[in-house]
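Residue numbers (this note's numbering): 2 to 265.
Some clues are possibly wrong.
The calculated lysine-lysine pairs, modelled on DSS-like cross-linking and capped at a C-alpha distance of 25 angstroms, are [said to hold, decoys possible]:
(1) K92 / K14
(2) K94 / K19
(3) K14 / K25
(4) K31 / K19
(5) K94 / K29
(6) K94 / K257
(7) K25 / K92
(8) K260 / K94
(9) K259 / K31
(10) K257 / K31
(11) K259 / K14
Don't read these hints as lab results, they were simulated from the structure.
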Amino acid sequence: MLFSKISYLHTLKELIIKSFYIYKPQFKDKIINSLIFTSLNVIVFGHIMPAAGLHDYGLFILGSLAASSSFFATINNIVGLVADIVDEGSKLKYELTLPIPQWLIFFKYALENMYQSFIISILVFPVGAMLIWTQISLQHFSFIKFYFALAVSCFFFGNFSICMASITRDIYSGIENIWLRIIIPMWFLGCFQFSWQHLYNISPTCAYINLLNPLTYALEASRSAVLDPSLSLPYWLCISALFIFSAIFGLLGIAKLKKRLDCL
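With these hints in hand, go ahead and build the complete structure from the sequences.
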């Protein structure tokens, strides 16, 4: 039994390493894209908006950008997984024939999305900080807490992505529906441009409802490691919530994918 489990983990490791080398040529372009997204946001919210009276907004947005970049990078990978699901000769269909539990194959996709999105977003904060260096106070910044929050967020995004792929019927209208009905509302209402505390001051009811949005915890955790922690939801509450949501969406996604692909 122990030997079998070790063998499963070895196979999983080899599959992830293989996917890394397949994905490696895309890293440069993906990182450039994320840095363009970061630079545009930092320029607008760090330089233009302060001129309109919104001071200290640049660092607030910068604290949210790494998680946002990794979120969108992961969601973009849904297209590839959906294509594998509908293609009879795909890599996914081959991997499901390997002598390891089939749920591990689906979890592998979550892990792949996790490390890919983390690598893509790892430079977001340093590059963004250079663009508004004169406005930044690193009094509350914690390197370890920030990147741990980013890693946990990416783990959630990976599990969330396989759940979204499991309910996406095709790569055309299905992907469009996911983006417009789920992804954009999650991000737009997930405390990217405002803090949860600010929302609570306006409407406590809406703020409590917003706690059902997992992206709220990812963005609040990142900002809690950058800004004054008293301005955000408690850091470890956010981390715990992200692990819980990861388990929920991961298990749900795996169950739906197994059913959809008639797995044992």
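Hint by hint, where does the structure go against what was stated? Just the numbers, ascending. Hint check: 5, 9 and 10 fail, others pass.
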